[in-house]
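Fit chain B to the supplied structure of chain A, relying on the hints for placement.
Number of protein chains: 2
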Amino acid sequence: MPRNSGVIDLESLEAFFRPNSVAIIGASSDATKIGGRPINNMKIAGYRGGLYPVNPNYPEIQGIKAYPTLGAIKQPVDMAVIVVPAPLVVKSVQDCIDHGVKAAIILSSGFAEIDEKGAREQTLIGEMAAAAGLRVMGPNCMGTMNARTGMIATFSSGLIDRGPQSGGISIASQSGAFGAHCFILARERGYGLNLWATMGNQVDVEFADCLAFMARDPATDVVLGYMEGIRDPRKLVEALAVAKAYKKPVVLMKVGKSDVGSAAAQSHTASLTGSDAVFDALLRQYDVHRAATIDELFDVAYACTAKKFPTEKQLGIITVSGGVGVIMADAAADAGLDLPPLPEATQRRLKKMVPFAGTRNPLDVTAQLLNDTSLMQPMFEALLTEGGYPAALCFVASLGLNPMMMERLQPAMEGIARKYSDRLLVLSILARPEVRQSLEALGYLCYEDPSRAVHAIAALTRFGQAFADTRVAKPPPRLPRGAPALHAGQSFNEVDAKRLLAAAGIPVVEEVIATTSAAAARAAAKLGFPVVMKIVSADIQHKSEIGGVLLNVASRKEAEAGFTTLMRRAKKATPKATLDGVLIAPMIKGGIETIIGVQRDPVFGPVVMFGLGGIFVEVFKDVTFRIAPFGLDVAHAMIREVKGYALLKGARGHKPADVNALARALAQTSVFAAKHADALESIDLNPFIVRAKGEGALAVDALVITRP
Amino acid sequence: MPRNSGVIDLESLEAFFRPNSVAIIGASSDATKIGGRPINNMKIAGYRGGLYPVNPNYPEIQGIKAYPTLGAIKQPVDMAVIVVPAPLVVKSVQDCIDHGVKAAIILSSGFAEIDEKGAREQTLIGEMAAAAGLRVMGPNCMGTMNARTGMIATFSSGLIDRGPQSGGISIASQSGAFGAHCFILARERGYGLNLWATMGNQVDVEFADCLAFMARDPATDVVLGYMEGIRDPRKLVEALAVAKAYKKPVVLMKVGKSDVGSAAAQSHTASLTGSDAVFDALLRQYDVHRAATIDELFDVAYACTAKKFPTEKQLGIITVSGGVGVIMADAAADAGLDLPPLPEATQRRLKKMVPFAGTRNPLDVTAQLLNDTSLMQPMFEALLTEGGYPAALCFVASLGLNPMMMERLQPAMEGIARKYSDRLLVLSILARPEVRQSLEALGYLCYEDPSRAVHAIAALTRFGQAFADTRVAKPPPRLPRGAPALHAGQSFNEVDAKRLLAAAGIPVVEEVIATTSAAAARAAAKLGFPVVMKIVSADIQHKSEIGGVLLNVASRKEAEAGFTTLMRRAKKATPKATLDGVLIAPMIKGGIETIIGVQRDPVFGPVVMFGLGGIFVEVFKDVTFRIAPFGLDVAHAMIREVKGYALLKGARGHKPADVNALARALAQTSVFAAKHADALESIDLNPFIVRAKGEGALAVDALVITRP
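Those sequence lines, one after another, are chains A and B. Each residue of the first sequence is one higher than the last, beginning at 1091 in the numbering used here. Each residue of the second sequence is one higher than the last, beginning at 1091 in the numbering used here.
Same shape as in the complex, but just chain A (with noise of 0.2 Å):
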């Protein structure tokens, strides 16, 4: 398990979250002030550690002695949390790192996010702090909470009545007024919290640091982040894969989808946004749920509470409203899960009990089981025996607003609970708090709508089915010996290109330059018929558009007679052109048109681009990314991904195409790709053909762009 051995310092986050004491540096005695809320939340949630109001002008504040100085506590101060003015923040800081505290809060505002001063202000606190080993948490955000500690060090209005429910999920959000929703909105679903965090401007602690010491946690159920940019992708990286490690669940909405948004999300934060492609591949390479919406957020995390990850899609079903069994067999497929039918035996046996029963699955038990509730153990016992199914799903309407009818089902659903605790139970219920409650504590998830309850368990199998996957990583390929370097500034024509290409170990097409006829038609020869003829030149770059491609040259005679066609062509469309002769490569017939591309992220660097080729590219944009440099095995990944894998795997009467070799280029070009990032702009092997199995697979074409 990975702990402190990357870029991220897991144990100095600590202090954040597990103070001993904390000191709340510019305390206001008027407990709906910004100053006096930390203070008033942590007296309302009980927290138990040492609690010290900072103010030179009061003795006391809101009933606790208060300090003139941090100096003045004459105890250790695990973390400070640091609410003056702007101008005095750096002061503040000081005296932290003066007085040996460990972990800094900075609620303040007037930094970054307002204008040049405050971000060199900023820059200046973030010097410091990281110059002396003091973390800090902020500016401009809204803090910490441990839900458990009742440690509440944050000025969320949000909390002035009711502190938070202790439960498994932790929050991470680097805006804070989004983590302030969060946090409320769980409160008003029933959730409970563990530990939540808002990182405001991250001048040291970032979304990635919290998300990482969130998943290590083991009070910690899922983990629940909102993030606008990445700042530092290693960390990002490094915090994912301790998650992974952990098989802790994330469940993670990044905003900045649509142009729109992207526009709003830079406007909003300093960060960089990089391209939602990517970032949509790195997420699911690290197995984490990205949420498009805030319920979908909240209906996922709570799902993970649970605690069960099936690990077959398989769902039974069972329903009062048959028409609503078609809507939830409907949301099944999808989700990408499974209804196999009950077994034919006891079909036939449900349907004694039921005459009108649908038996299959879903097990329509009609609106019969709101007239008999002594039909619910038998109906479930049946799905969850016979049946076997991981994971089961009952939509029972609104049968929870009926205390009565709760109040006869509760032996049954207590009895099912317990004899099949090892099965992920799902509740579709209309229920009054009090009812909901009692049956999450038997063990139940309850959601209202019985769509949002498939698309919920369909998560948990797929986080399920992740967790299950122990296999590791492919390493990234090697480069050959000899391979030649790239260098910033370095220009190619195709010919060079490939020649580059190839010596990486990509396999290209082979062709030959030839500067007479007589050499063209050698080299066609040499080559075999049929040949493609086109002209070479770093001044013309629509060869087609001039006639300077010849398809289908079948002989030597043609060879010769297309060299000086093409020369003669050449020199008429652009006289001032610089020929550099005549590139002759064996026409290759079949196989399937794809693309791959590389691009420079400006978070994530290299970034390698797989699509089929043509249309599929421009009209469907059916194309996938991953990060440079990978292994084989996210190669293949990469192929199964686009839709047009079909024709790969053999549709529409192809043969079954080369695989095998395609992922060996996608590696290879990421490797490459990786190891000149400085260097290189772009990579674009277009068409990329994938022949039929055995047969391999070449880059026809192949543009390489440097940095300038």
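Since the hints were made in silico from the structure, they are not lab data. None of the hints are false.
All copies of an identical chain are treated as equivalent in the list; a pair is satisfied when it fits inside any one copy or across any two copies.
Here are the simulated lysine to aspartate or glutamate pairs, DMTMM-like style, with alpha carbons at most 25 Å apart:
| hint | residue 1 | residue 2 |
| --- | --- | --- |
| 1 | Lys1442 | Glu1206 |
| 2 | Lys1334 | Asp1099 |
| 3 | Lys1679 | Glu1635 |
| 4 | Lys1441 | Asp1205 |
| 5 | Lys1442 | Glu1203 |
Positioned in the frame of chain A, the structure of chain B alone reads:
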């Protein structure tokens, strides 16, 4: 406006929803029993019409005078609710007929949903009623309601304690259990209802009848529908036309999308499910919002009660959280809404009010709005006046949980709602129910989840744009005079199929059958080289496999030789085949491969499919459907609907394709298919080549299969 012009008799349905008097046949004095509940419900809800319990054993039921028989009532009875056991239902129906009852609801179950005997009984009831002009709802249904009049003719148990709140949502549900669930969901969400109906086994009145009735009802703002199968497609189409004519929004859930789903739907109802893709196309054609989840069904129906349907897709957003601003912007992009920025001058002015605000759109006022509620009015006004957006969405987090804050905001919210009563005003807010109600009373729609709010706004905008489109549908084109008839049991080889279609006005490639090599050469020369040559034989299905196709035949000499080659190959491969000769056709180069297909749908009859050819169909299933026949407008809509339309428009360096020729062919095919609906099984024009603009389109291969 269509009234009773079609197959739906709207006037006779009146008695189900606004009866002046109701008799309960099989009334029970136990208010919790199925025969007692309707009476109890109507008492609670304050129904003021005549209420006549019928039961020979009691002089009084639930405090109301009871009658031994229907005949004993001696007053006109508009509607009878039949709750007697199944074997007694026929007798009760006869009583209704004998005493001039207009409408009978049969709540009793035990008919087609149970067994063959029940089905026969049900058929008998239907025949009796039809002969006598009695309208019947059910059997095996949950009845009807009118929330305004307190006419609650149902045994749904959800009503026992509290009646429905009256409002603008009318609910039509084929399934009783689902209808009851909807009723309770609406009540729990605080949504007001108008009419409610469940059709059960639909022996007479079916889903489409109720949909049409509600759509024409002025007190109905929106019809929320739930259906499982389609009995009479003509009725459904007519009901949809009524809703469209009255510009009444319809939000519909039809289950049975997935394979498993369809199986469940069929076991649950007797009616056919039909092809879901066809049904989907039909709903799009009639501007119905099809909901995939119950949440969506209710979100959109509720939105319609604001009765504001923007005709432009611009949205202005205010937020107290930059992050949620981005989430809403992402959702808007997903939902097809635009977020044009505020004018520069406005942005500068707002920036002065809140220096760190994001002022484009979303307008991110930041949590500052929560500290300074006086910002709400000027910010909101700037958005609506200077931004001029037809719809505005304001995210205020959990503000609605804080009564003090809401009180302070009240004047601003009132002022804005009054001044901008023409705009769609939506809040995303966590609020106590009473806060939400007071905001709704001012005219705001309130959603908890911001993404769901955006999607509801998008749905209203789609309705608005559809309602604003007053273009009359184009009539289907005519078939050419003398187009030959099609008969069941006919069979066609490729050549005959093309001739048939050509005579129906569908463009096909010109071709000639030659029976000698000399004739082949003459025909080829006449058509112009190069040509394609194919063996013609009803006995040879796969021509290519036996080498029965020659491409690029370039001269008379090649054509002569080609004839001989093809005849020899065919004889060798299939010695017993009858060879009709060799088909000669010009070789069509370029253009874009599309597919036009016709399939006979069990519910809707001939249905036309359109899509781009090859991999588009096979890998991406990028096709669309319409029920035949249709005009050029619908044909153009189909063409625009497929993703591959980008190619037809001229992507990837193609010239724009002759979309008009394609549309003509689609419409013409639909007319031909509709004309021969009884004889036709399927048509397959594949490939149907669409050439450059002005150059037309042609079926290269054609297959016509008739019903046996």
